[in-house]
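Letter by letter, the chains look like this.
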Amino acid sequence: MNDVKKILLVEDREADARLVIEAFKGVCSKCEFEVIQDGESAINALSQKELKGKTSLPDLIILDIKLPKRNGREVLKEIKSSVTLGAIPVIMLTNSDAREDILDSYEHMANTYITKPLAMADLIETAKFIKDTWLKK
Amino acid sequence: MTEITLLLVEDKPSDVRLVMEAFKETGIHANMSVVGNGEDAINFLLKKGQYSDAPRPDLILLDLKLPKKNGHEVIKKVRETDDISLIPIIVLSNSDAEPDIQKAYKYQANCYITKPFKMSEFVETVKLIEKFWLNRVKLPKNK
Chain A
1 MNDVKKILLV EDREADARLV IEAFKGVCSK CEFEVIQDGE SAINALSQKE
51 LKGKTSLPDL IILDIKLPKR NGREVLKEIK SSVTLGAIPV IMLTNSDARE
101 DILDSYEHMA NTYITKPLAM ADLIETAKFI KDTWLKK
Chain R
138 MTEITLLLVE DKPSDVRLVM EAFKETGIHA NMSVVGNGED AINFLLKKGQ
188 YSDAPRPDLI LLDLKLPKKN GHEVIKKVRE TDDISLIPII VLSNSDAEPD
238 IQKAYKYQAN CYITKPFKMS EFVETVKLIE KFWLNRVKLP KNK
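One line per chain: the protein sequences are A and R, in this order. To convert, note that position 88 of the first sequence is 88 in my numbering; the numbers rise steadily by one, no gaps. To convert, note that position 74 of the second sequence is 211 in my numbering; the numbers rise steadily by one, no gaps.
Think of the hints as simulated: they come from the structure by calculation, not from any bench. Note that the structure is predicted; figures quoted are calculated from it, not measured. C-beta atoms are modelled at their ideal positions from N, C-alpha and C, and glycine is treated no differently. Careful: at least some of the hints might be erroneous.
Beta-carbon label-pair distances, calculated as ranges [claimed, not checked]: (1) R:Glu176 with A:Glu100: 29 to 37 Å; (2) R:Arg273 with A:Val4: 20 to 28 Å; (3) A:Ala121 with R:Leu183: 38 to 46 Å.
I would like the entire structure built from these sequences, with the hints used as guidance.
Right under this line is the structure:
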């Protein structure tokens, strides 16, 4: 269908956020981003959206781990412990390749885990796969 | 390069062949085990019976419409079992029915991909899945 795909990007580094949005622009004209820069605000925003109803929810969440206030692992835990929010695909996109971050993310049902940095061409390819896999409807 | 072990749960020999073909074309080196029904998939993952020496897969490619136990039941069982709960599950199914998709995500499949009808597109899709999951993604490989 022709509806907008809403992506919540939780990323505190503006430059990184810009790159992600740029990468998606080329492969997904219907994608609209909301950027939140800390974990606590992300959790609050998602709780608000959950109360408003299904149509307020993002179609996809892209989540960094190193975030101010509450980190991405905590945000992921909150998301996946909710029946409504838990069904939203969550892509971890982070600088961390620490085993504990990877394992913890999958244990808490992250849909996938990708490490930065990515060259723009790779980021675009990744954005395309993400869009084709998780934003089809 | 670390070796990847895959479990393909697929009852249609033609689709198994297409997945194998896709693998050969990407040149990505992976050990693939194949089982043809949901019950065998669960026994493989739990190392039960004839599967007592089965390797723990790093990734599962899972059809939904399977004999004995269906794909949704397999997802549920994997997620409920501590040792294997975090193995990424990629559903690769003929069904594009919304209830099937929603149920798979509800049970925490990592992603859901509908098999294309055309053989060439099927192979391309599997190649893209491999490239993404085996090259781009960090998998929760243990040890």
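Inset, instruction - Given the range 29 to 37 Å, decide if the beta-carbon distance of Glu176 of chain R to Glu100 of chain A lies inside it. - result: holds, 34 Å
Legend entry - Val4 of chain A and Arg273 of chain R - C-beta distance against the hinted 20 to 28 Å: The hint (20 to 28 Å, Cβ to Cβ) holds, given that Arg273 of chain R and Val4 of chain A are roughly 26 Å apart.
Legend entry - C-beta pair Ala121 of chain A, Leu183 of chain R: status relative to the range 38 to 46 Å that was hinted: At roughly 41 Å between Cβ atoms, Leu183 of chain R and Ala121 of chain A fall inside 38 to 46 Å, so the hint holds.
Of the hints listed earlier, there is not a single one the structure fails to meet.
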